[in-house]
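Engineer: One letter stands for each residue in the lines below.
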Amino acid sequence: MKTNDEKTAKKELPAEGTEITGSEALIFSLLKENVETIFGYPGGAIMPVYDALFDYRDQLNHVLVRHEQGAAHAAESYAKILGKTGVVMVTSGPGATNLVTGLANAMIDSVPLVAFSGQVSSNLLGTDAFQETDVIGITMPVTKWNYQITSAEEIPEIVAKAFYIASTGRPGPVMIDITKDAQFGRMKWHYKKCRRIRSYFPYPKVQMDQVEKAAHLINKAQKPLLIAGRGILISKAEEELMNLVTKADIPVTTTLLGLSSFPVDHPLNVGMPGMHGNMAPNLKTNECDLLIAIGMRFDDRITGRLDDYANQAKIIHIEIDHSEIGKNVPTDVAIVADAKDALSKLLPLIKENDHKEWVESFRKEYKKEYDKVIKPARESKGSDIKMDEVVHLVSDKTDGQAIVVTDVGQHQMVVARNYSFKKARSFVTSGGLGTMGFGLPAAVGAKVASPDRTVLGFAGDGGFQMTIQELGTIAQYKLPVKMIVLNNSFLGMVRQWQDMFFEKRYSFTELTNPAFTKIASEGYGIASRYIEKRGDLEKAVDEMLATDGPFLLEVKVKKEQNVFPMVPAGASVSDMVTE
Amino acid sequence: MEKTEEFTIKVYSENHIGLLNRLTIIFTRRKINIESLTTSEYHIPGVHSFTIVVNTTETMIRKIISQIQKLVDVMKAFYYHSDEIIYQEIALYKVPTSALLETNEIEKLVRRYNARILEVTPEYTAIEKTGHKEETQELLNKMKPFGLLEFVRSGRVAITKPMKELAVHLQELEEATNYTND
Chain S
1 MKTNDEKTAK
11 KELPAEGTEI
21 TGSEALIFSL
31 LKENVETIFG
41 YPGGAIMPVY
51 DALFDYRDQL
61 NHVLVRHEQG
71 AAHAAESYAK
81 ILGKTGVVMV
91 TSGPGATNLV
101 TGLANAMIDS
111 VPLVAFSGQV
121 SSNLLGTDAF
131 QETDVIGITM
141 PVTKWNYQIT
151 SAEEIPEIVA
161 KAFYIASTGR
171 PGPVMIDITK
181 DAQFGRMKWH
191 YKKCRRIRSY
201 FPYPKVQMDQ
211 VEKAAHLINK
221 AQKPLLIAGR
231 GILISKAEEE
241 LMNLVTKADI
251 PVTTTLLGLS
261 SFPVDHPLNV
271 GMPGMHGNMA
281 PNLKTNECDL
291 LIAIGMRFDD
301 RITGRLDDYA
311 NQAKIIHIEI
321 DHSEIGKNVP
331 TDVAIVADAK
341 DALSKLLPLI
351 KENDHKEWVE
361 SFRKEYKKEY
371 DKVIKPARES
381 KGSDIKMDEV
391 VHLVSDKTDG
401 QAIVVTDVGQ
411 HQMVVARNYS
421 FKKARSFVTS
431 GGLGTMGFGL
441 PAAVGAKVAS
451 PDRTVLGFAG
461 DGGFQMTIQE
471 LGTIAQYKLP
481 VKMIVLNNSF
491 LGMVRQWQDM
501 FFEKRYSFTE
511 LTNPAFTKIA
521 SEGYGIASRY
531 IEKRGDLEKA
541 VDEMLATDGP
551 FLLEVKVKKE
561 QNVFPMVPAG
571 ASVSDMVTE
Chain W
580 MEKTEEFTIK
590 VYSENHIGLL
600 NRLTIIFTRR
610 KINIESLTTS
620 EYHIPGVHSF
630 TIVVNTTETM
640 IRKIISQIQK
650 LVDVMKAFYY
660 HSDEIIYQEI
670 ALYKVPTSAL
680 LETNEIEKLV
690 RRYNARILEV
700 TPEYTAIEKT
710 GHKEETQELL
720 NKMKPFGLLE
730 FVRSGRVAIT
740 KPMKELAVHL
750 QELEEATNYT
760 ND
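Listed in order, the protein sequences are those of chains S and W. The first sequence begins at 1 in our numbering and counts up by one. The second sequence begins at 580 in our numbering and counts up by one.
Isolated chain S (complex conformation) (with noise of 0.2 Å):
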């Protein structure tokens, strides 16, 4: 697809039926998936295939990671960013273990992953040899499909269905496990790429009596509105969903997986919906006649109470998934189908239309939410900086242009709810799973995804702390990724929490910490800067983003704010509070 690394010759891949070892088919096989970056890890049952990555290493981009974790999260958010499977490789035992938060996170954000993982010899499989571990056992649940590869063989055929399976469909992690005489081992080279498999059925093909249903449906509704999740950014239709809402005057709110899907300054852009959303969607659930879900699956953080959910309105959801369909919410009209697909088909079918009263009823909530909650949190006031603060002037400062990449908690929220994305695929965050440690190596590989955009990397103290070893990386390829932690010594989320519901008993919540711009300068020679004063906070945020290399800003915020408006655990979407 792309050649930017032609700095050097490219070695051809052999011809047809040359005699190759496993590990070189392996390598070979990666670059007629058009893989072009790996983030790895190697180890004692990887050798082989790291040794022939050696002499491609100016093909196949190798990062190298600190810790496994980090790689499954930056080959996660590399997938997002551009739209393609993201390549992993670890050695087998603690490698592999380690990868698993990192599979379960792809898994349930339903992103393409394909890790491979070296594994003893095939004769030793089962007799507790040194650093075995049940690699297919123990990732089986976290993954969309998984395979141990025994001999040489096998490999490209495997290889081949890996990505196809990982990137079609609901996308997902594969897990491929390879035992070291299958890399020594010699084979005859050949490659096909995987173009179907019997029992798998990726895209279902759109069902025309349920578009027309939906279309009248939609025709007919007074006050509809459209949820628009991360199906919109796999299906890559954006464009689809704008001429969808436009043509229909539909109100559009994105999910946090959703997020810049749509651009969040359009007029039709009502915010986000969920526990730490927008009033306005979600009151606005409870009050209309149609809503149309779209590439999301009602997540209990989304519909808060089941069963005080939408119950007056008809539901339309449209979904690759067929197991989501009805498996939180019923539904009216239900689309199994690609979004792009199903949104092209359903379009010619919609008419014009005008919700004009219905769309301003948004406003007004929006208003009454931006007084009694934004304006005060992004306001210049009090003693303490606020996180809003940050977050709002960095979208301002950067125009809303910029790749953001967060950890998970407090500040996460409030990205979600500050940042003012005008571009598609311009989000990577932890959603389903909620992985603290999420975030930097997730900035690490947004900017080795995207080099030429600015990448902003917020996280807490307390996350930051599960994955600072990335600052590594980082370092090591002097990757110019922005970071931002907003430190309020607290485990803020779990903390407002304690608050909130557990009579302000903090329990294990308050963090000491190091000095994290010394870590970052010091260490690892990466530019950073401390601030706590309002004051200067600008300047700083001016100076991060006008440093070349890598910047780490400290930003010492308020230790005790809580995240509103919220829907309370348990709690339906119509009782949202705002302190």
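No wet-lab data here; the hints were simulated from the structure. Please read these numbers as outputs of a predicted model, since none were measured by experiment. Be aware that one or more of the hints could be misleading.
Each computed DSS-like pair below joins lysine-lysine, with the alpha-carbon atoms no more than 25 Å apart [what the hints assert, rightly or not]:
(1) S:Lys247 to S:Lys223
(2) S:Lys205 to W:Lys743
(3) S:Lys188 to S:Lys32
(4) S:Lys556 to S:Lys533
(5) S:Lys327 to W:Lys589
(6) S:Lys205 to W:Lys655
(7) W:Lys655 to S:Lys327
(8) W:Lys642 to S:Lys213
(9) W:Lys649 to S:Lys193
(10) S:Lys205 to W:Lys642
(11) S:Lys375 to S:Lys364
(12) S:Lys236 to W:Lys649
(13) S:Lys558 to S:Lys397
(14) W:Lys642 to S:Lys314
(15) W:Lys582 to S:Lys327
(16) W:Lys649 to S:Lys340
(17) S:Lys84 to W:Lys649
(18) S:Lys381 to S:Lys397
(19) S:Lys220 to S:Lys356
(20) W:Lys655 to S:Lys161
(21) S:Lys161 to W:Lys649
(22) S:Lys205 to W:Lys649
(23) S:Lys327 to W:Lys642
(24) S:Lys327 to W:Lys610
(25) W:Lys649 to S:Lys327
(26) W:Lys610 to W:Lys712
Fit chain W to the given chain S structure using the hints.
Structural biologist: What follows is chain W alone, placed relative to chain S:
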């Protein structure tokens, strides 16, 4: 509360290592116990079939079937109420041959329950009974007083009453699917 019923699940799949594990994970995640499980090769070469019996609600079984159907190596999954299938289980009983010789009670039981004697040795006699669980269980209870030595019951095997063949289901699925997104 929706009522709990007994459902029989039929899964047709590739015969791949680990698939059984992937299937059981779907049940264990939702804390549903598998009452019985039988696997065998189907009459179409290369196709494997699983027959799984669980007690749960119909709402739950629908979600489970959907998640099974989603597995990459699964071709098709169905669930059935008991009246939609013809099913059997096989039970084997081992009793001391002395008990058989002392009275004619065991012989009567064998006749009455349509069981059959598989093997008689000086020490033991092996008896087989095919039927529904209640029937094999009843015979078990009757055998117990005679010093039953061993008992085993197989998982359920079932064929379905609906006439639509698997091949037709698969053809419909194929026709309703695009395999690439180009």
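Engineer: With reference to the structure, classify each hint as holding or not holding.
Structural biologist: Now the hints, each set against the structure:
no., hint, in the structure
1, S:Lys247 to S:Lys223, "15 Å, holds"
2, S:Lys205 to W:Lys743, "22 Å, holds"
3, S:Lys188 to S:Lys32, "16 Å, holds"
4, S:Lys556 to S:Lys533, "8 Å, holds"
5, S:Lys327 to W:Lys589, "21 Å, holds"
6, S:Lys205 to W:Lys655, "17 Å, holds"
7, W:Lys655 to S:Lys327, "19 Å, holds"
8, W:Lys642 to S:Lys213, "24 Å, holds"
9, W:Lys649 to S:Lys193, "22 Å, holds"
10, S:Lys205 to W:Lys642, "21 Å, holds"
11, S:Lys375 to S:Lys364, "15 Å, holds"
12, S:Lys236 to W:Lys649, "23 Å, holds"
13, S:Lys558 to S:Lys397, "22 Å, holds"
14, W:Lys642 to S:Lys314, "21 Å, holds"
15, W:Lys582 to S:Lys327, "18 Å, holds"
16, W:Lys649 to S:Lys340, "21 Å, holds"
17, S:Lys84 to W:Lys649, "22 Å, holds"
18, S:Lys381 to S:Lys397, "20 Å, holds"
19, S:Lys220 to S:Lys356, "15 Å, holds"
20, W:Lys655 to S:Lys161, "20 Å, holds"
21, S:Lys161 to W:Lys649, "16 Å, holds"
22, S:Lys205 to W:Lys649, "16 Å, holds"
23, S:Lys327 to W:Lys642, "6 Å, holds"
24, S:Lys327 to W:Lys610, "17 Å, holds"
25, W:Lys649 to S:Lys327, "13 Å, holds"
26, W:Lys610 to W:Lys712, "23 Å, holds"
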